[in-house]
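With the hints as constraints, model all of the structure from the sequences given.
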Amino acid sequence: MSVDIRLASSRPAGTDLYHGENPGNIVTPGDVITADSGFMRGHGTYMEDECLHASVAGTVERVNKLISVRPLKTRYNGEIGDVVIGRIRELAQKRWKVETHSRMDSVLMLSSVNLPGGELRRRSEEDEKMMRHYLKEGDLISAEVQNVMSDGCLSLHTRSLKYGKLGQGCLVCISPSLVLRRKTHFHNLPIGASIILGNNGFIWISPTVQDKSEESGGYETNLQPIPKLDREVIARLRNCVLALAECKMLLFDTCILYAYEASLKYAVKDLLKPEVAVEVVDLVRQRLELEGS
Amino acid sequence: MTDAELSEAEKTFILHSVQDNFREDGRGNEDFRHMEVETGLISNTNGSARVRLANTDVLVGVKVQLTAVDPEKPEVGRLDFFIDCSANATPAFEGRGGEDLGSEISAMLTRAYSCPSAVDFHSLCVLPGQQCWLLYVDVLLLECGGNLFDAVSIAVKAALFNLKIPNVTMTKDEGGVELDLSDDPFDFKRLNVAGAPVVVTVNKIGHKHVVDASEKEEECTLARIILGVTEKGTITSMRKEGSGSLDSDSISEMMESARKVGMELNKILLKALEEEEKQGAKTVGFLR
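So the sequence lines, in the order shown, correspond to chains G and Y. Under UniProt numbering, the residues of the first sequence are numbered 1 to 293, in order. Under UniProt numbering, the residues of the second sequence are numbered 1 to 288, in order.
Be careful, since some hints might not be right.
To be clear about the criterion: a stretch of chain G counts as covered by chain Y if any three or more of its residues have a C-beta under 8 Å from a C-beta of chain Y, and this derived list gives those stretches [to be verified]:
1) 32 to 44
2) 134 to 148
3) 236 to 242
The hints are simulated quantities; they were obtained by calculation from the structure and are not laboratory data. Ideal Cβ placement from N, Cα and C applies to all residues, glycine included.
Printed below as a string of structure tokens:
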């Protein structure tokens, strides 16, 4: 049993200072960006009293005469080809509605999933009736953004064996801006766990699965208990990811592995304490700087 | 209560992790997440506190008012709880969405504090048979990250600890007694909260039970009991929630761990509050 109550006044000052390079021009909502009328109004800005104001908190960006504000905290803006993690919200006519931390629910069409029995199968009415059998409300999936509709709604697809329904594991939700865009977002870490860094800020940590059977199309989930050792690795990774996100570090496989290694001298539950988290992240930061990446 | 809907596999994962006494974030079944307390941060209340338990954020303000005594209990003061569920916490609280939860929590607090030894209600009586203090305890839920009941009760206790009741001078004149409130902000008395209960929620997950459940764990719970526990380990109130059934053996086990955790919570909370009182540091509030 452990109970830990602290005072707000004893919180160490400056633990969450920004460590990156100077971000330039930061504005808050309502700030006047310019009174010059020669500029064009972009995203995150509005015109009032012939002045251009910021409507979100973020950094000002200028492309020729267009001024926009890139928000610091935002929902996920999808781009084609992004890897995302989503949760099924609702079933509709030939499609699933998926929550992906985007402004609108994303859509996964029945025609853009892999069904058991091969890729070239025709989708019949039978399949439509079986939709809830494949994916039901609450299920988690990994998918790729196939298309961004004109209203900003994302259309997803899972037409590859690496995408599809997710089994046992742990979902961590962080800000989408903290996920670094990489060539690959699926990682089998050498410590016995897999991690999927969704571009939408959803991060899935699960035990590494050796062989993915093709017959069931990946819709069968293994509900056997996971050994405690794997569970510990997953919990440690989860706390590391949260610690890195708390200190606004960009997330990618190397930095997560470094954080994992730096955290090994602490018990898993100690990583929830802010001072331990900050120390671990500082070690990661130093190591990354040392290696010049 | 929560909007986190989990898949079958995730629930299984959490269930097995509770079975192993090694939860998703590495805590044991009887571990609390760390929390942060601050008192006296709202200047226009008589007592206030804010508690942040992981993602759960609760703000409590207490205002005192002189009122006529309850004719059935002419010698005691009263407590009145009101919970406001801000729509900032979750969109589900929008409109009247949070009302049910609010009244549930306030009913639980009222019951936990209805024990005569909880606070010294006699000290809240100004003029026996006529005037007493009525304490309006207003709770604002700012963020929900699981385990609301416990966080609210801890914040309430901290706010009552912080409460400064102005002293009253009574002068007798013809036909009655005149009450005079002190204007001096340093002329006040405190309420003794040593016996005040905190609420401990024990969630049954599988064959084991956990305290301080996260939102995800709450989703996996079928039955839970909510207990008011004082520092001495007295259980002042109890209620059961959820659709699942509980075995009488497991109820007594759950009560035992709630008692143990509750006593520890009370002790550490009081220690933290006394230290804050001693430090007299300036308020941190919501800025960081």
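Hints and how they fare:
1. Closer than 8 Å: that is the beta-carbon criterion, and the segment 32 to 44 of chain G has 0 residues meeting it against chain Y, so the requirement of 3 is violated.
2. Residues of the segment 134 to 148 of chain G with a Cβ under 8 Å from some Cβ of chain Y number 4, which satisfies the need for three, so the listed coverage holds.
3. Taking a C-beta to C-beta cut-off of 8 Å, the segment 236 to 242 of chain G contributes 3 residues in contact with chain Y, enough for the three needed, and the coverage statement holds.
The earlier numbered hint that this structure contradicts is number 1, and it is the only one.
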